[in-house]
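**Student:** Kindly produce the complete structure, drawing on both the sequences and the hints.
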Amino acid sequence: MAYNLKQEAKKPERFTGGHRMCAGCGAPVVSRTVLRALKPEDHAVVGAATGCMEVSTFLYPYTAWKDSFIHSAFENVAATISGAEAAYVAMKRKGKLPADGETKFIAFGGDGGTYDIGLQSLSGAMERGHDMVYVCYDNGAYMNTGIQRSSATPKYADTTTSPAGSVIPGKSQYRKDLTLIMANHRLPYVAQTAPIGNFRDLHQKAEKALYTKGACFLNVLAPCPRGWRYDTPKLMDISKLAVETCIWPLYEVENGKVTVNYKPKNKLPVEEYLKPQGRFRHLFKKGNEHMIAEIQAEIDSRWEELLMLAGEK
Amino acid sequence: MAIRDRLSGNEAVAVAMKQVNPDVVAAFPITPSTEIPQYFSSFVADGKVDTEFVPVESEHSAMSACIGAQAAGARTMTATSANGLALMWEMLYIAASCKLPIALSVVNRALSGPINIHNDHSDSMGARDSGWVQLYGETNQEAYDNLIQAVKIGEHPDVLLPVMNCYDGFITSHAVENIELIEDEKVKAFVGDYKPEHYLNDKENPIAVGPLDLQNHYFEHKRQQAESMMKAKKVILEVAEEFEKLTGRKYGLFEEYKMEDAEVAIVVINSTAGTAKYVVDQLREKGVKAGLIKIRVYRPFPVDEITAALSKCKAIAVMDKADSFNAAGGPLFTDITSALYGRVDGIKVINYIYGLGGRDVRTDDIAFVYDALLEIVKTGEIKSVYNYLGVRE
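Note that the protein sequences, when read in sequence, are chains B and Y. Here the first sequence is numbered in our numbering, starting from 1 and rising by one per residue. Here the second sequence is numbered in our numbering, starting from 1001 and rising by one per residue.
Hints are computed from structural coordinates only; laboratory data are not their basis. Do not take every clue at face value.
[Said to hold, decoys possible] Computed beta-carbon distance windows for the label pairs: (1) B:Lys94 <-> Y:Met1001: 25 to 31 Å; (2) B:Ile181 <-> Y:Lys1048: 33 to 39 Å; (3) B:Ser123 <-> Y:Lys1383: 54 to 60 Å; (4) Y:Val1303 <-> B:Ser123: 43 to 49 Å; (5) Y:Ala1002 <-> B:Gly18: 56 to 62 Å; (6) B:Leu5 <-> Y:Asp1046: 36 to 42 Å; (7) B:Ser123 <-> Y:Arg1343: 36 to 42 Å; (8) B:Val167 <-> Y:Ala1328: 45 to 51 Å; (9) Y:Arg1343 <-> B:Glu13: 54 to 60 Å; (10) B:Pro61 <-> Y:Ala1328: 40 to 46 Å; (11) B:Phe284 <-> Y:His1221: 46 to 52 Å.
Treat the numbers as computed from the prediction; the structure is a model and nothing was measured. Even glycine gets a Cβ: it sits at the ideal position worked out from N, Cα and C.
**Tutor:** So this is what it looks like as C-alpha cells:
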C-alpha cells in the first residue's frame, strides 16, 4: 500500500507527548516516526542509550513509551536489547510466551552512544545477528552533556570541546562514516535517512528494517537546535537542506547492494546548510572561505564515492 | 540416588548450569572462567539445553545482555574472572538496582595490574558493595551447590537480587575432585520455574525499566534495595535448609570448624580453608584450642552471627586474599572488626594479607599465623595489626 501520512497519523501513538525533549529537536520526531512503522498488533521492546532521549522520556515515575522500555547505561543499548531479544527467542522456544503476535526489538542511541562509546556493543550485537533494529539519532555531538564533539561532529563545527577559537577553528577532523561501517558488517538492511517532507523515506526505511529478519541499522539525522544553533521552527528546513546539499544522502544497503534513494536535481551549495546554523558562524568570517570550500570538496568526494558504490558512476 | 563423579570446579558449575537449563547465558572468555562458557556452549551445540547462548564481544556486553535478558523475563546466567568482572563493574550496580536475579559465577583471580592469571580475591572483593549477594565456596562441591542455591536465593520475592557464586581460580576451578551431583529432575524441581511478576516480553503488561531517578525518588529506591539485602540472610538460610533436605549437605552463613572451645581462630574465605583445617587438626592434636571460620555469605554480611561465633575467642587472625590499599587492613578484616566493635569487647584481632597473585599458601604459613595468635594470647600484646604473609619484604 502506498505511503499516506494522513493514514499513518491515525494510528494510536506509541510515543506520547508530554516528554521533555526540546522544541525543534529532531530526535522525538525520529522515534515517533520509527514506532509508527510498527504494525499496530505487534509489541515492541524499546531500549535507549543514556542521552537526551532517555532522560527526557522516562523520568520516574513517568514514561512516554507505550511499549516495553529499558534503559541501562550509555554504551550498551545494543547489548541490552540483544539480551532482551535472546530472552524472547528462548522463551518462545520453551513455550513461555503466547505463540501469536510478534515482538520487535528496537534500540535507540544518539551519535555519542553509537559512533563512540557504544560502537563496540553495536558492532557485536549486529555481527551476532539478533533480530533487532538499531536506530542512531545522529545530532552530531554529545548534546545531553552540553554539546561536546563526537566522531559524528562535522569538521569545523563549534562545540564546547572543539570550540572555534582564535587559533583552532572548531573541530579539526572529518566525521566518521558510520552508515558505511555498518554496511560493511554485511547486515541484511542498513539505511541512512532523515525526517523530511511527509516522513516517507524514514517511515519506509523503518518499516523495512523492522520487518527484515536479522540485525538492521538505521542512521537518522536528528538536528539539535541547542547544539546547531538554529531557530526551532526551522527543524524540517535544516533536515531538508542536509539532504539537498548531499551532506546527508538518503540511501540504503540491502545485503551489500547500495541504492541511493534521492539524487537532488540541483545539488545545493553547502553554504545553504551551514548558514542557518550558529555552530558554523565563524566559517562566514572574511578569510575563512577556504574552509567552506574544503567542506564542499569533502561532500562532493563522498557523494561521488556513494554513487560509485551504488553503481551509478 | 545422587550421582558420584569426578569433576573440576568449572565443569561442576557448567553441569549445574546445564541442570538448571537457564533461558539465556551471555558470556565472554577470560582465564580461569573460560571453561564455563566453553562447556556450556557444547551443551547448547549438542542440544542438551534449550538455552539461548549469546557469545558477546566483551564482559561489559555480557552483563548488559544479562540485564536485558533477565528484565525481558529470562532466567539468566554468566561467568567471569578478574578484569572481566572489572569491566562489568558499571553494570553490576545497575543489575542490582533493577532487582534482576542474575546468577554470575566469579572464578576468583587477581585483578590487574600487573596482569596475573592466578588466584586471589581482589576481583570479587572490589564488587562487594555493588548490591549483589556474594556466596563463596571452598571446593568443587560447594561451587556446584552454591550455584544451584544462588538461583533460588536471588529469585525469592523478598530478595530479587543478583547473586555471585565465587570460588578460587585454578585451585578450585581446574582441580578435579570427587563430587556428588544431584539428579537433573531434582535440580529442576528445586529451582522451579522462573516466574517474574513484571517483564519486558509480557506484551499484555508492558513495563519500563531503568528510569532517570532524581532527588525525589532515588533515595527511596536505594533504601528499598538495601531492604532486599537485609531480607536475603533469612532466605539464604531457608534455601540452605531445603537444600540439606534434598542432599544431606548442610550450608549456613559461614562454616565453623572446631570453634566450640576455640581460643585462637582464623577467619578465611574459599580454598585456603581446606589447608587451614589441616593445620587446625594438627594443633588440636597438640592440645591447642584452635578453630576456624570460613565465610560462605559475605554479602549480606552476617554481623550478629559471626560476632556470636567469635565471641569466646581470645585472639583472631582475619585472612584477606585481597588488599584494600587503605594502609589499615583488608576488606574482610575491616568487616569483622566493625562487627565486633560494640558487640564484643576485648578480643585481639590481627589481619594478614596473603596469597596475592596466586602465591602458594602452605600449611607452614597457616601454622605461623596460629603461632602469632598464641603469642598474643600469652603476652596480651599485639605487635602489628596489619600484616603480610608469605611475601619477600
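**Student:** Would you mind marking each hint as holding or not holding in the structure?
**Tutor:** Here is what the structure says about each hint:
For lysine 94 (chain B) and methionine 1001 (chain Y), the hinted distance range of 25 to 31 Å is satisfied, since their beta carbons lie about 28 Å from each other. Distance hint check for isoleucine 181 (chain B) and lysine 1048 (chain Y): the Cβ-Cβ separation is about 38 Å, which falls inside the suggested range of 33 to 39 Å. Checked against the hint of 54 to 60 Å, the pair serine 123 (chain B) and lysine 1383 (chain Y) passes, with Cβ atoms roughly 57 Å apart. The hinted range of 43 to 49 Å is satisfied by valine 1303 (chain Y) and serine 123 (chain B), whose Cβ atoms lie roughly 46 Å apart.
The hinted range of 56 to 62 Å is satisfied by alanine 1002 (chain Y) and glycine 18 (chain B), whose Cβ atoms lie roughly 59 Å apart. Range check, leucine 5 (chain B) to aspartate 1046 (chain Y): about 52 Å between beta-carbon atoms, so the 36 to 42 Å window is missed. Taking the beta carbon of each, serine 123 (chain B) and arginine 1343 (chain Y) are about 53 Å apart, not inside 36 to 42 Å as hinted. Look at valine 167 (chain B) against alanine 1328 (chain Y): about 49 Å separates their beta carbons, and that is inside 45 to 51 Å.
At roughly 59 Å, the beta-carbon separation of arginine 1343 (chain Y) and glutamate 13 (chain B) lies within the given 54 to 60 Å, and the hint holds. A hinted range of 40 to 46 Å holds for the C-beta pair proline 61 (chain B) and alanine 1328 (chain Y), which are about 42 Å apart. Separated by about 50 Å at the C-beta atoms, phenylalanine 284 (chain B) and histidine 1221 (chain Y) satisfy the suggested range of 46 to 52 Å.
In summary, the structure is inconsistent with hints 6, 7 from the numbered list given earlier, while agreeing with the others.
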